[in-house]
Each structure stands twice: as C-alpha cells, then as structure tokens.
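Peer 1: Below are the chains, spelled out letter by letter.
2 protein chains.
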Amino acid sequence: MEYDVVVVGAGPVGENVADRARAAGLSTAVVENELIGGECSYWACMPSKALLRPVTARADARRVPGLRAAVRGPLDVAEVLAHRDYYASNWKDDGQVGWLESIGADIHRGRGRLAGPRQVTVEPPSGERYTLTARHAVAVCTGTRALVPDLPGLAGANPWTSREATSAGKVPDRLVIVGGGVVAVEMATVWQALGSRVTVLVRGKGLLANMEPFAGELVAEALTEAGATVRTGAPVAAVERDGGDGPVTAVLDDGERVEADEILFATGRAPRTDDIGLDTVGLKPGSWLTVDDSCRVEGSDWLYGVGDVNHRALMTHEGKYQARVAGDAIAARAHGKPVDTARWGAHSATADHAAVPQVVFTDPEAAAVGLTLAQAEAAGHRVRAVDYDMASVSGAGLYADGYRGRARMVVDLDREIVRGATFVGPGVAELLHSATVAVAGEVPIARLWHAVPAYPTISEVWLRLLETYRG
Amino acid sequence: MEYDVVVVGAGPVGENVADRARAAGLSTAVVENELIGGECSYWACMPSKALLRPVTARADARRVPGLRAAVRGPLDVAEVLAHRDYYASNWKDDGQVGWLESIGADIHRGRGRLAGPRQVTVEPPSGERYTLTARHAVAVCTGTRALVPDLPGLAGANPWTSREATSAGKVPDRLVIVGGGVVAVEMATVWQALGSRVTVLVRGKGLLANMEPFAGELVAEALTEAGATVRTGAPVAAVERDGGDGPVTAVLDDGERVEADEILFATGRAPRTDDIGLDTVGLKPGSWLTVDDSCRVEGSDWLYGVGDVNHRALMTHEGKYQARVAGDAIAARAHGKPVDTARWGAHSATADHAAVPQVVFTDPEAAAVGLTLAQAEAAGHRVRAVDYDMASVSGAGLYADGYRGRARMVVDLDREIVRGATFVGPGVAELLHSATVAVAGEVPIARLWHAVPAYPTISEVWLRLLETYRG
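Chains as they are written, first to last, in full-length UniProt numbering: chain A, 1 to 471; chain B, 1 to 471.
Warning: the hint list may mix true and false statements.
[What the hints assert, rightly or not] Here's a subset of chain A near chain B, in silico, CB distances under 7 Å, partners left out:
hint	residue
1	59
2	73
3	241
4	243
5	247
6	249
7	251
8	252
9	299
10	430
11	441
12	445
Simulated from the structure, these hints should not be mistaken for laboratory data. All values derive from a computational prediction rather than experimental measurement. All C-beta atoms, glycine included, are put in the ideal place defined by N, C-alpha and C.
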C-alpha cells in the first residue's frame, strides 16, 4: 500500500502529524500496536491529572476561611479512581479511533517497523506482515517508555512504573517511590492523599532537578507536611521481593532497608526505538532520534522524529507543537511550497529551545517556562534572576490563607527580554501561560510594564517582579 | 509649606504617584480626609474579594469528583465576615500610614482643595486651614463615589452602596440589588451564598454590559442556579421605606413592587471632584478630569488627574498603572529629563486605550482584556471574533466536572494581532494575564503559535482559539 505519509505511533503526537498532513490533503496511514491515543491518554497526563485535581482542590479549599471547616473527611477514593478511569477512557480507544477516522487517516493495527527508505512494515496481531510505502515522509512518533535501572532483584519484583502508578485500582498501604522528577512528585502527592504512606527516595540532592531549586524545595516541604517522607541522597542499590508479590524492600546504598507494599520506579524515560527497524536506515536501534527544527532526522529527506522520541522536550504539549510544525513542514515540502525554518518560523519548533512550559500539578503547583537561571548562564546569556515571595502578593493571600510560594523571572540583560519564569504556589497553573507568551513573544521588559495585571489576582506578581528588577 | 509634588487623595493611586515621585527624590505631600488606602482597601477590591473567594472556592470544590461529597454544609458566615474584616484592616489605616511614611511622603489629614495654580488648601478635622504649594505638580487622585439615581423615596431609604455591601456585618434575609455591573454581580454572588435571597434588577437587557454578551449571560445563568433572581429590563422608578429602616420596597416602572430587607444601588460611579476647588483653576466642579496619556490635565502644565477621576479606566490596577506613568512623568519633567509620551512609551498610559484587563470574581469568573468585538468594530478596526466552548478543553474538564465556559479572541485582520480576549468560566482569573501580555505586547498571531500552552491546563483554550482562527 502506498501513502503520502506514514506515521508510526498514534499518541497525541502521531495524531497531530496525521491531522496536519490530512489537512493538507495528503493520504496518511497511522500504525499503532497499542491503544490509539498513546501514553498521555491512558497512563500519563489524563489519568494523573484526574487523580491530582481532587487532591489540589481539597488543599486549596482547606486554605480558605469560611470554607475550610466545611471540607470534612477524606477524599472519596472510589470516586476519585472512577473519575480517573473515566478520564483514561477505561483504557479503550474507540473515541480516538473515531477521531482519526473522521480526519480521513487510515489506521493500521500492529507493530510498525522501518524497512529501508520510505518503507514501513506492519506486523498485525494476527495475519501476515505487510509493507506500507511513504511517497513523502515517515514520521516516527513512538515516544518513550519508563527507564528502569538494572538493579539486583528489580526485574523479579514487579515494580510499578508510571503506567501502574496512574492506573492502579487499589491504594497500597505503603508506597516507595524511587526518583525525584515530575512523575515521582505527582504520584507521591496522589497516593499520599489517597491513603498510602509514601516514601520518596531521591538519588540526588533535591526534587524537580530541571526546575529552579526552590521548586523542588517547596514541593518537598509540602509533601513532608502531608505526611510523606522525602529522602534525598538516598540511592537504591537493590530491591527484594519474595516471589514477586507481598511486601517489597528497597535496599539503599548504605544497606538500610525500606519496606513497602509497592515500589514505583520513576527514574527517567527511554526512547521506544529499539524495535522499529532503525538499523534498516542506518540508525542505531534504541537511540534517540536527532532532528532539525522541522523535526526531520538529520541526513534524511523523508524521515521525521516527532515528540518525545527526539528528546527535545519530553512533554505532551511540546510534542503536539512539534507535530503541528512537522506535519506542516511535511505538507509544504510535499507540495513544493515555501518552507520557513527560520527562528520562530512556521516550520521551526523554536520554542523547544527557548520556551518550553511545564506545570507540575502538585500542591503547591510548580510552573515554569524557558530557561532557569542556571540554564541561561550555561547557554552564555548575560542574565539576572529576579525573585519575589508570592506570599506578599495580595491576590495570592486572598486565594489561600497563609499562602506560600515563590516566583523567579530570568531577564536577559542584553536584549531586555524574559528568558524564563518560574512560579511555585497554589493556583499558579493558569498563570504560567502569561510567561509563555512573554518568553516566546520576546516581549521587551519596557512593554511588559504596560501589561497590567488585574487586581487582586496572583498575576500581580508580574508587577512585583518588574519593580524588583527595576530596583 | 512648599513641596515638589502635592497629591490629593491617598488611595492606591495617590500612594503610587507619591511612591514614584519620592523614588525620583521629589518632596511629596499627600492629602487625605478619609482613610489612607482609599476605596480599594476598605470598600472595594480587598473586602469584596475576601468575601468572594470562599464562595468561588466552594463552588469549585463541589465540582470535583472525589471531593464534592466532603464539602458539606454552608459557609461559616461569621468566619467569612471576620476574614473580610481582616482584609479591610478593620477599617484602620495604620499599615498604610506606615508605608507612606516609610517612603518619606508627608501625610496631611484633612480635605484638600485646589486654590489656584499649584496651591492646595488643607482643611484638617480640627484646627486652621492651611496652604500647600506645589513647585512642580498637583495630582488629583480623589477617585469616585457611588452614583445613586434621583428616585422618589430613595434619599430617605438608607440604600446600600458598594461601601455598605462590602462592609455589612449582618446578612439581610432579602436583598434587592439595582444594577447589572461588576459591583452588582459580585455582591449578588456573595450575599446569595451567605444566605440572602437576592433579587437583581437590571435596567437594560443584560449583566456586565461592558463585556462580551456571553459573559453576562453565563453569570446570570449561574446566579439563577444559585437561587438568586435576575430580572432584566426592570427599571426601578421609586423606593419606599418607612422611617428609613424595616423592609424596603423597590417599585418598578410598571408599578410592580419588590420587597426586601436591604436595597443596594450599584448604578455607577461619579467623580469625587465636586468639592476640591476645581473652580479655582478654571474647571467645573463635579466633572471628570480630561487628561492626556501622561495623565496631565489638558491645558495645564502642573495639574494631573490620575486614576478613576479621569474616567479612562475605572479599576484599581489601571489607576495604579496610571500612577506609575504619571509619577514618572512628573519626575522627568521636574528634572528636565526626556519625557516619552509616544505610544507604549514610559510616560504614556497607552494600555488604557488598548489593554485594560478586568476580572469579575463571580462564579463563573469573567475575565477580559482589550476590546470586545463591538468596541473593536466601533473603533474602526477590521476584526474577526473567534469563539470557543471551553467545555471542550481537557484542562477545563479536569478542573471542574461539567465545566461550562466560553472564550473569545478578537483578531485584528490587518495587523494579525489580538485586540481583545474574554474568558468566562471557573478558574480563568489567572489565565487572563496571558491575554494581557499578548494584547499589550502586540504579539503577532504567527508568534502566538509558538507560545505552547502546558497540557492539560485551561490555557489550552489558546491553542483551540488559534486553530479556530486558522480554520
């Protein structure tokens, strides 16, 4: 069978590549060997946020005078889990299948593998392997899977990864979480609130190492107050579990033993490229795909790597952004139209380098976009970090009694623009996009003074940051 | 006594003019005959938001599966009112006095009146009237007061205005609210939730007439569901109340009578300029002050009108913005430094014309910035309105079960920038600043595609609006 475009992997990224290709009139095949909708729909964004929202909403409500006394009793665990199941579409993909069909893409169920230039073989669950030919482009959108370290005893211990942590149907009495990134802190927040006694074991010296240091500090403080144990500098050396069920023990480097009922490894991601035929096109199986700003694999004129698999920015929204850019670039090239890969051009995923937003939906929320101070300095920008205690913002105090939070703006002193911003505190998730527009828009500081925050909202922190910068 | 700058009125606007003048080393007097801190601190923003937050937080919490059942019983009215008292500083201004003193401004207690060019007389509560001379500038920052119509029976009926509505210590069983603007809908939201049976009587055909029509429609729908009665096209012709207390009756145009225990008139604002000596400088007492973009009164080289009194944008944050601009302009002129009154210049309150943000803290929240479709068309811009149903945004559904809301982006088709944006729905207050940055920053639509909303937040509505615009 021949198509203009063959997409391997039908997560949000593959779906969006297909959407843009179809919008340009290109015939499009999508190959998927699991559920259409991908990690995000079933084992990441959707279920995790459905689990987290009751937790943060409750924390918020309990900080409001006149309301807090009315918020009694624990969360309704069964209702929370049922809500999660609903948002994970009960792990059925009919809705997503219907959507892909509605845009006129052909779905091929089975494992897709490259088989030389412009060729993709499909190995269906039953029946014969067959080959798809792509006239213009193959887009690899296979994403990542949990990366679990090679520790003694771990393979036989049935550890949770992000998949089990977001889809579990039962609350473990004790949960050990290994790792300190987004998955670790979000799942610690959820399961502690649902009744587990959670212990977080972090190899390094803090949580959320990719954000400004105060983000991890504030989240660790809150997790501890919620009853969880957060231990830094605590690398796990081995795992023990008899017969793969029953209690599980994490053995630390120094021999200390931490027992629990389940153990979650949230220790990073690996590209799902080990079994997609990369060797047939001269690439190394299991490697991240190196791509240009249109997401085309370097050295190729037909192969694209879009989303997490290219390791530019491992987030659903950023993958979808790349998918729009790449899908449009594929279409422009197919039709011989102009391709604009200049910085911030229509066919350049420029934001990947400069304006990647991320919200960690913990209590407090941690939201950041662009470069941290350390990243900006490492990139050679001449910058200054401007910090502000969000407790001093009227709108923050009105949002939550005893508000605790912190904001940082990283200003490029040569260009007088904002290179990055971080907000940590309750209710900041929606505030982030103001910074994303400022950073991606490269709006000059002088103009930001005219972007007046409505009073009294938390966004008044912008005014305070500008005032602090002016000094 | 002689000062560089004399500020009449010590609300947030006067305070900020003084702050900028002092930062530039100008000696500054501030004259105030009521509480330092002004309307916002005691009878507007602060108490109203302290009253509203428990109401909207409760509404939000009750829309979250797993949490809603835990949110039992009514709000704790005594605690809500005590919280309000705290945020209104118990109607004492020690804190604000201390702040003004800390910046080195002199406080003159008493009524301030112009007495010819550069002269301000102060009439203290006791003692002799005296005169202040301003070497460089007098800034009138006296704001507004409630405008109550001249209806039969009203003067003797002790109606509430915004002051009583935000400071009342008791919940009336029945409350009639006359008006359909921000004060009307916010106070209807508060008192209905605290136990009043509220009836809103609107002269015109809808609520929040200055916003996109759907804002008022969604707020009216929610107020009605909360148990309030909203009647449009219901002008009040007279008010009856025996002896000024006991039940009060609003008599409609058609003779219908609506009885209540209190009546709030939220029917607009009038400038506080009737007794500030405007006649001594050739201006008409009681009029709004007409000013240029640096907030200097037209035809004068020393008189400024800053904040609500100039009728440019009657909101605390916008008044404070003008105060920063005017204070800096006064200082620049005093020191013979360059004055930048170009569009978006440091000494031009350009946002007043193009990017005024407003959040109405009702349930749902209504947030808007810049021009509505109607305003943009009236201003002669070639625009297109792009609408999106916020219920279709994943982050919105995760925020609140059964989310209802709507967004509109008004795009300038010639310049390809956003002229205005409106979001109505739960949890949109902090989202507004993204639009404020986009509108004030005049960020091109092509660049906004690179401002990726974090998934799954409500801010993903931006992506949907852009997609809808592209068509």
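Peer 1: Determine which of the earlier numbered hints do not hold for this structure and return their numbers in increasing order.
Peer 2: Numbers 1, 3, 4, 5, 6, 7, 8, 9 and 12 - these are the hints that the structure violates, sorted from lowest upward.
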